[in-house]
Amino acid sequence: MTPPDETSPNRTEVVEQQDAASAAAPQATVGAPEVPTRPGEGARAGGHTISVDDLDAYYGETHAIRGVSIDYAANDVTAMIGPSGCGKSTVLRCLNRMHEEITGAYATGTVKLDDTDIYGSSIDVVAVRRSIGMVFQKPNPFPTMSVADNVSAGLRLAGVKGKHKDEVVEKSLRDAGLWEEVKERLSEPGVGLSGGQQQRLCIARTIAIQPDIILMDEPCSALDPIATLKIEELIHELKRQYTIIIVTHNMQQAARVADRTAFFWLGELIELGPTEKIFTKPDNQRTEDYVSGKFG
Amino acid sequence: MTTVPLKSVSGRRRRTDHIMRGLIWAGAIVALIPLVLVIYYILKKGLGVISGNLFTTDPTGATFGTDLSVLGGIKSAILGTLEMIALATLISVPIGIAIAVWLVEYGRGTKPASVIRYLIDVMTGVPSVVFGLFIYVTLVESQVGGSGFAGWKGAIAISLLMLPIVARSAEVVLLLVPDSLRESALALGAPRWRVIFRIVLPTAAPGLLTGSLLAVARGAGETAPLLFTVQATLVSSGDLTQRMNSLPVQIFNDIQSPNSTIVDRAWGAALTLVALVLIITLIARFIASRSRLQT
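Heads up: the protein sequence lines correspond to chains A and B, in order.
Quick note on numbering: the first sequence equals residues 1 to 296 in our numbering.
Quick note on numbering: the second sequence equals residues 297 to 591 in our numbering.
Please note that a few of the clues may not be correct.
Here are the in silico distance ranges between beta carbons for each label pair [stated by the list, open to error]:
| hint | chain 1 | residue 1 | chain 2 | residue 2 | range |
| --- | --- | --- | --- | --- | --- |
| 1 | B | 409 | A | 292 | 47 to 53 Å |
| 2 | B | 307 | A | 294 | 50 to 56 Å |
| 3 | B | 390 | A | 222 | 36 to 42 Å |
Taking beta-carbon pairs under 8 Å as the criterion, some of the chain A residues facing chain B (in silico) [claimed, not checked]:
| hint | residue |
| --- | --- |
| 4 | 98 |
| 5 | 101 |
| 6 | 103 |
| 7 | 106 |
| 8 | 107 |
| 9 | 123 |
| 10 | 126 |
| 11 | 130 |
| 12 | 134 |
| 13 | 138 |
| 14 | 140 |
| 15 | 153 |
| 16 | 154 |
| 17 | 161 |
Below, simulated DMTMM-like cross-link-like pairs (lysine to aspartate or glutamate); rule was C-alpha separation at most 25 Å, straight line [unchecked claim]:
| hint | chain 1 | residue 1 | chain 2 | residue 2 |
| --- | --- | --- | --- | --- |
| 18 | A | 161 | A | 149 |
| 19 | B | 407 | B | 417 |
| 20 | A | 138 | B | 479 |
| 21 | A | 138 | B | 475 |
| 22 | A | 138 | A | 100 |
| 23 | A | 165 | B | 479 |
| 24 | A | 165 | A | 188 |
| 25 | A | 112 | B | 479 |
| 26 | B | 407 | B | 363 |
| 27 | A | 138 | B | 401 |
| 28 | A | 239 | A | 218 |
| 29 | B | 407 | A | 61 |
| 30 | A | 112 | A | 54 |
| 31 | A | 230 | A | 180 |
| 32 | A | 138 | A | 117 |
| 33 | B | 407 | A | 100 |
| 34 | A | 183 | A | 114 |
| 35 | A | 138 | A | 76 |
| 36 | B | 407 | A | 101 |
| 37 | A | 138 | A | 170 |
| 38 | A | 112 | A | 101 |
| 39 | A | 165 | A | 237 |
| 40 | B | 371 | B | 560 |
Calculated directly from the structure, the hints in this document are not laboratory data.
Backbone N, C-alpha and C define an ideal beta-carbon position, used for all residues, glycine too.
Model the full assembly from the supplied sequences, consistent with the hints where possible.
Structure representation (structure tokens):
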């Protein structure tokens, strides 16, 4: 490991954090360069919640999400499942306000990160996205950047002038389980990695900005089974530090990684419960039909 | 199990295939004929004129004589073209790319964007002589900057010609940058302007370069805008506020001469112009490939 930067005000924290990482204790929001004030600061480290209340989302005239209310518990992995077009990805994109990037799309209702409404009028959307990271369906490393630059891209894009960029890169790659594979290739283009490695690179890029929450939009749907397995193991590791919300088409995957599972249908939340219960004895008939393969 | 008889390709399909292949080849060759002939004539007529004198002396203005040491070379024309094209590029490329960035990143799908796109298309179709006249009326006649004809006015006329080419090619290239890259950069908490400068433009850089070079090549060869705005002079000048010589204007003047040596000099200038554009292109590509390796 690189020795901590002597001039860094966070030096002691960096040391702690590195020890903590090997001891696998829940630990977050240290060692990274100062990220501007964000909602949810001050809640216990690594334990951030999102609560959605009466969320409606639209694409122009299309009413895609109807009155969804759902709480995502701290340090839980919550899976969102449902047939194509049920709105699970839209809900996910409302959680870090990426939904509104689509022309004509908007959402109403409240989404609270801990106690702060991220749709509040005084909230900076940029700060929201720094606190709520997102991993996309297709691995999409920045094609003009090296492996290391891809990891630190979030910091540079956020305008953070960090002195200890190298430490952040190494820490993030280690946390994403990619360090051993790429440590000799840090200056090579990020797009030269395999698909599974690219996706873990994107996860490293997301955790480099030290978010409170990680959203994953079908992160394994473009990957082979072995790469998928690695990402799933990684999700188990990451949930010690982060609250994770994952959209998946793959019900086995939901069963493997999620503590709780939410079933969506036609833009509504049908049922939310412990994963085991959803897959074995759900309360709702439609949930049962879906998980048993009768439709969807 | 019965064997399924596989029918062989029918004679009619075979013939159609041959005819179509023949037509495509013929089309490709027809397209190549003018290109090859132009290059052949420029090389044939121009190579013989290439000499030290051609590049190192200014035209003397003499109309009689059979030797470049008497008639002079084209040094001032080369320098003038380089200076004016450099200035025109400095004007048109940033503005053109800025227009494209607005069209793609901010105005996508809006009414003003389609109006601007339409105007740019119209501008592409405006003959170059019109830009020359426009600058003549607005800048030359009014003696802006203290003198009538000036190199910088020619550069502006050329930049007006280059602008729509840069803007349109840049728009196409920026549209090719996948939205997923913009989204992931936004999701990392980047403000939109940083996404544009750090992600979109670098990703599109090779294509932006190609489009700009296309405009440079087009601008370097234009005569008409320069005739009304820069006029011509014989001596080399580094001063863009004065009249300047340029390769297209020199060719235009020389080719009308009854003196065959001067006509030959025009061919030398034509070869030089083609080579110049080629060299600029190669240098830019080299720089681009180097800068990509470093990242």
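TODO: For the hint on residue 98 of chain A, just tell me whether its beta-carbon gets within less than 8 Å of chain B.
DONE: holds (6 Å)
Task: Minimum beta-carbon distance criterion (8 Å), residue 107 of chain A to chain B - done: violated (16 Å)
Task: Proposed proximity, residue 479 of chain B with residue 165 of chain A (alpha carbon, max 25 Å) - done: Status holds; Cα separation ~23 Å.
Task: Distance restraint between residue 165 of chain A and residue 237 of chain A, which requires alpha-carbon spacing of 25 Å or less - done: holds (23 Å)
TODO: Mind checking the alpha carbons of residue 138 of chain A and residue 170 of chain A for me, to see if they're no more than 25 Å apart?
DONE: Cα-Cα ~23 Å, so holds.
Open item on the list: Given residue 138 of chain A as an interface hint, is its Cβ closer than 8 Å to any Cβ of chain B?
Closed with: Since chain B brings a Cβ to about 6 Å from residue 138 of chain A, closer than 8 Å, the hint holds.
TODO: Could you grab the alpha-carbon distance between residue 165 of chain A and residue 188 of chain A and see if it respects the 25 Å cut-off?
DONE: holds (17 Å)
Task: Agreement of residue 230 of chain A and residue 180 of chain A with the hint, judged by alpha carbon distance not exceeding 25 Å - done: Holds. Residue 230 of chain A to residue 180 of chain A sits at ~14 Å (cutoff 25 Å).
Task: Holds or violated: residue 407 of chain B to residue 363 of chain B, with C-alpha atoms at most 25 Å apart - done: violated (61 Å)
- [ ] Against chain B, run the beta carbon of residue 161 of chain A and see if the smallest gap drops under 8 Å.
- [x] Violated, because the Cβ-Cβ distance from residue 161 of chain A to chain B comes to roughly 13 Å (cut-off 8 Å).
Open item on the list: Can you confirm whether the C-alpha distance between residue 371 of chain B and residue 560 of chain B stays at or below 25 Å?
Closed with: holds (15 Å)
Open item on the list: For a C-alpha distance cap of 25 Å, please report whether residue 138 of chain A and residue 475 of chain B respect it.
Closed with: holds (12 Å)
Of the numbered hints listed earlier, those contradicted by the structure are 7, 8, 9, 17, 26, 32 and 34.
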